[in-house]
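These are the residues of each chain, in order.
There are 2 protein chains.
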Amino acid sequence: MEGNTGNKREETSSEKDLLILKPEEIEKESFRRIDRELKEKGITLQGPEADVIRRVIHTTADFDYADTMRFSEGAVEHLQELLKQGTLIVTDTNMAKAGINKKKLERTGGEVRCFMAEPDVALEAKERGVTRAHVSMERAAALGRPVIFAVGNAPTALLSILELTGKNGFRPAFIIGVPVGFVNVEYAKERILETDLPYIVNAGRKGGSNVAAAIVNAVLGQIGTE
Amino acid sequence: MEGNTGNKREETSSEKDLLILKPEEIEKESFRRIDRELKEKGITLQGPEADVIRRVIHTTADFDYADTMRFSEGAVEHLQELLKQGTLIVTDTNMAKAGINKKKLERTGGEVRCFMAEPDVALEAKERGVTRAHVSMERAAALGRPVIFAVGNAPTALLSILELTGKNGFRPAFIIGVPVGFVNVEYAKERILETDLPYIVNAGRKGGSNVAAAIVNAVLGQIGTE
Chain A
14 MEGNTGNKRE ETSSEKDLLI LKPEEIEKES FRRIDRELKE KGITLQGPEA
64 DVIRRVIHTT ADFDYADTMR FSEGAVEHLQ ELLKQGTLIV TDTNMAKAGI
114 NKKKLERTGG EVRCFMAEPD VALEAKERGV TRAHVSMERA AALGRPVIFA
164 VGNAPTALLS ILELTGKNGF RPAFIIGVPV GFVNVEYAKE RILETDLPYI
214 VNAGRKGGSN VAAAIVNAVL GQIGTE
Chain B
14 MEGNTGNKRE ETSSEKDLLI LKPEEIEKES FRRIDRELKE KGITLQGPEA
64 DVIRRVIHTT ADFDYADTMR FSEGAVEHLQ ELLKQGTLIV TDTNMAKAGI
114 NKKKLERTGG EVRCFMAEPD VALEAKERGV TRAHVSMERA AALGRPVIFA
164 VGNAPTALLS ILELTGKNGF RPAFIIGVPV GFVNVEYAKE RILETDLPYI
214 VNAGRKGGSN VAAAIVNAVL GQIGTE
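Sequence order for the protein chains is A and B. Convert by adding 13 to the 1-based position in the first sequence; the result is the number in this note's numbering. Convert by adding 13 to the 1-based position in the second sequence; the result is the number in this note's numbering.
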């Protein structure tokens, strides 16, 4: 289990001095280091997307996201508008739900829900022989109101959203498609990229509930500062 | 924002056939692919640690963890025993708390708590000019019972645990130290590695609430199958 212990360039004997920094100063310094490392890698991020990608890198310490995140045209501005309007966010894990900044969400009158852990969802999924993710997305679609889907775990959630789109007039208001994994994940993300739906997707296998939450929080932060 | 869209080797036109797989079959197939890719990379994981590392890779799709995870001697066996005894788990985020498998935890009579979001914690932290993480760890230490600390976010939480160790007879039962970030994170993890406390740490900048939860779930899974 030996090997790389990570980038040491920033870790000096004076590192301890930073321990007195306030959380907001720590965050500023973190983004300064992210930007410097992006520059060192020759990566230039622009537009409102840059903010989202930087937040995801901050959440994962993984610079791969600078190469793999995909945005539909005007995606971030569109998500800003939806969040300003307090549009419901539906996640595919309680972890993503827990990770979304509730204080920022309250300011917009927004709400986040997750149907996955509801007992009758598990029951219905078992009875019908479908995934809990599928039943959860069905329930979100059946609400008859605009929904921002934040999918950080289940590729089947993304495929269910596509399957439901167009039925009974359902159309997702926005799709954050960042499931993580080794089976069906790339396939499901590619299906989203083929649509004309507004999306933020991380191509490839990486993603997660933490990434889904970070994307929402980044855009909430953008409208919070206006 | 162009670039690598991830490993395509596993993504074939027959990929869609996998969509009929049951979740447990998807997981099996995922671990098969992880093991094959580890083999391709010339990485051999052994012992109960292997199980934990594979679960973290499954959660992040990031093979860096195969090189950077660190375990104190007998760490996994020790954590198994603590979890069997239903030892309290204290996290530094509600996200990590949400990510821990409650069904598996119930079997052991275990419990997970997070003090971070409690309003009076924020108030006390503000009044004292310390971090919420510090106040949260103090409260966990003051419980006067064994605590497994699962830290996926705040390096200051790790440093606070060390600062509290030895005071009023407090000693952490176990430390899962996987905060993520660019400031203080590597420093705080290295401090844990210097101790004789039982730990699982991911060296370097990477980690997260999802990783902390994955480590707990991996070990809960080990004792669940006994």
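None of these hints come from the bench; they were simulated from the model. Where hints are given, some of them may not hold.
Which copy is meant is left open, so a pair is good if it fits within one copy or across any two.
[Claimed, not checked] Taking lysine-lysine pairs in the DSS-like style, the calculated list, with each CA pair at most 27 Å apart, reads:
id	residue 1	residue 2
1	Lys54	Lys180
2	Lys117	Lys41
3	Lys52	Lys115
4	Lys180	Lys35
5	Lys35	Lys116
6	Lys52	Lys97
7	Lys115	Lys180
8	Lys52	Lys180
9	Lys117	Lys97
10	Lys52	Lys117
Quick caveat, the model's predicted, so the values are computed rather than measured.
Status of the hints after comparison with the structure:
no., hint, verdict
1, Lys54 - Lys180, "neither (45 Å within a copy, 45 Å between copies)"
2, Lys117 - Lys41, "within (18 Å within a copy, 39 Å between copies)"
3, Lys52 - Lys115, "neither (33 Å within a copy, 43 Å between copies)"
4, Lys180 - Lys35, "between (50 Å within a copy, 25 Å between copies)"
5, Lys35 - Lys116, "within (19 Å within a copy, 38 Å between copies)"
6, Lys52 - Lys97, "neither (32 Å within a copy, 48 Å between copies)"
7, Lys115 - Lys180, "neither (32 Å within a copy, 35 Å between copies)"
8, Lys52 - Lys180, "neither (46 Å within a copy, 45 Å between copies)"
9, Lys117 - Lys97, "within (11 Å within a copy, 39 Å between copies)"
10, Lys52 - Lys117, "neither (30 Å within a copy, 44 Å between copies)"
In summary, the numbered hints that this structure violates are 1, 3, 6, 7, 8, 10.
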